[in-house]
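Given only the sequences and the hints, what does the whole structure look like? Please build it.
Number of protein chains: 2
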Amino acid sequence: MNHPFSFELVYQSKKSRARVGRIHTPHGIIETPNFVPVGTNGSLKAIDSAYTDQMDIQLMFCNTYHLMLHPGSDLVKKAGGLHTFMNRTRPLITDSGGFQVFSLMYGSLHQELKSKGTKQHDNAVLKINEEGVLFRSYRDGSPILLTPESSVQAQKDLGADIIIPLDELPPYHVDQKKLKASFDRTHRWEKRSLDEHMRNEQNQTMYAVIHGGVDQELRKKSCEILSNEPFGGFAIGGSLGKTHSEMFTMLTDLMPHLPTDRPNHLLGIGDLGSIEPAIKLGIDTLDSSHPTKCARHGMLFTSKGMIKILNAQYKEQFEPLDPTCSCYTCKHYTIAYLRHLFKAHELTAYTLASIHNVHFMMNLMANYRQSILDGNL
Amino acid sequence: MNHPFSFELVYQSKKSRARVGRIHTPHGIIETPNFVPVGTNGSLKAIDSAYTDQMDIQLMFCNTYHLMLHPGSDLVKKAGGLHTFMNRTRPLITDSGGFQVFSLMYGSLHQELKSKGTKQHDNAVLKINEEGVLFRSYRDGSPILLTPESSVQAQKDLGADIIIPLDELPPYHVDQKKLKASFDRTHRWEKRSLDEHMRNEQNQTMYAVIHGGVDQELRKKSCEILSNEPFGGFAIGGSLGKTHSEMFTMLTDLMPHLPTDRPNHLLGIGDLGSIEPAIKLGIDTLDSSHPTKCARHGMLFTSKGMIKILNAQYKEQFEPLDPTCSCYTCKHYTIAYLRHLFKAHELTAYTLASIHNVHFMMNLMANYRQSILDGNL
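Protein sequences appear in the order of chains A and B.
For the first sequence, my numbering gives the first residue as 7, with consecutive numbering after it.
For the second sequence, my numbering gives the first residue as 7, with consecutive numbering after it.
Taking lysine-lysine pairs in the DSSO-like style, the calculated list, with each CA pair at most 30 Å apart, reads:
#1 B:LYS84 to A:LYS314
#2 A:LYS83 to B:LYS321
#3 B:LYS299 to A:LYS349
#4 A:LYS133 to B:LYS349
#5 A:LYS299 to B:LYS349
#6 B:LYS227 to B:LYS186
With the Cβ distance kept under 8 Å, some of the chain B side facing chain A (calculated, not the full set):
#7 SER49
#8 LYS51
#9 ALA56
#10 LEU81
#11 ALA85
#12 GLU322
#13 PHE324
#14 ALA342
#15 TYR343
#16 ALA350
#17 GLU352
Source of the hints: derived by calculation from the structure; they are not laboratory data.
A virtual CB, placed ideally from N, CA and C, is assigned to each residue, including glycine.
Laid out in structure tokens, this is it:
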């Protein structure tokens, strides 16, 4: 069988590890480097799927944890898979559900970093052992066992183009012994996930998740272990460090150890300040809900910096957010009108702001690709 | 000067008072009978203005009260008027603000009908006298005087095609003497509004508001007084009765007293059950937030009746809401997916549902127009 996935290196920068590539998938091509908006529930927040196709969003990230709990991966399968269910014609990536389950235990990453490792006591996670993790559904309280096999099975029901093996997310605040134990278990889980995936490949590819926290040796070892397996690509996960500087130190060490013949993905990072340095280190794709979350809070990206639209200074700005922007919002509406919609709590505000910020990201990434091709990055 | 407004009678039914017409305005034609969606803050809830143009929404209703308080009619004027501010190319109608101010005093119409006339004591309305009504802004507590002249001035700043004179809204539970006093004042206020309007006509037309509650003689007298003035049309306002049956008894008596050479509008009525009887009585346009409000609550109109999308029976309905519907929502999404979006509280749910319900209304009215032309109504 002709494998429906391949990574095509278009151009390797001579100035940095930055590269332009194309990931071929059954639902079309993802040009890299690219930004991957997050549509947790099978819907990019405030923008409908058919419109996201028009916006040239080449890869969208959906969360298996949420879709498992509602509407259920079995229902999505009955609908014909996630692409059909949400009416998306272009590539999708799903995660394993593990990140959300472990976040239930430790709180959000941000909370955990601030908490110095204190566990949240909401009892959502009932048990973690070699088999997997048992947690309570936030919807109906029923216990759900997430194992490497059940996560892959759910992701096969969903049918995204790229899927992710179940990993254990160790907290940032953990001693070396526990980190190593978690590290070993994660790699056993990833192998079980890959085996489950290979039993029925079904037009999907699986990216390994590189672990090891901020420990240089563990990250290197993770690259060695996982690059010897037939994963379709590599996601960089686990604790990425407490600060941007820590993350970029880790990435600088790590990236040379990743095979360059397969694509890579940086999990959960997409703030504007991180993108260019990540690209220079050779990151192909990265996902984040940052642009859509900012949009809903009235923080709008422009070529001249961030606009906080509720600020009084924008009250009488009868021009588009960004005169250089070709998005639907900038073509039709002024800053003053958008500000009014935000002040009046009109739902349209969130849609128009989200369209603008996501368009900004798509455009930014296209510019970075061109910049690399032009030899400027 | 060639008057930019005219009412063209296309066809008068021989079976009822139903008629097909065209209202010519500076922003295009309104085919009647037609439904007028309500975009209170200069935005139809959950649907952006440029898209409402595409949906063939021929007339949209905006509320002067809300726009006066935010962003302010002066700001809208600076923006170039409401059409430019909200980016709407087609006709707009604004009310006087009176309805909302009096609602502050008596609570919503529904509350008032149930309350047997007890006033709400939130002190938002400070004083009513011959000059006008003094109320407190809900935004900053500042006192605002709304007079016939200031309401018309605000509506001139907004620049809608059709504007409404300030009227006093008497509560339903009022004795005959007070009703008569309110009736007389309302007609004095309407005359002052018209005079203010005529001083600077500015490409707008003003509809009178027929008053008289459910008192047959007062309604008749209101028609006589107001049809002798050069109003561009007639809105039917005031207390429309406690029940649908009371309203239709009142309308049946009233409609023959309205001049047929000018258009009329039924204020604030748009539930599905009222539309056909209203059309048969000769109503040309009617406005309501009912279809968009229903949409946001997951109540969706179809040719086979209402769908309450949260009901479990729709969980696995992998087909459009209405197979006969040509709206964006039905062309792209299934009932099961919409239900999922509602359950997941995704903002897109409200947009897609609103597009569907409003499209349904536009289509329903087009069918009624055809039905009248075909001699079936």
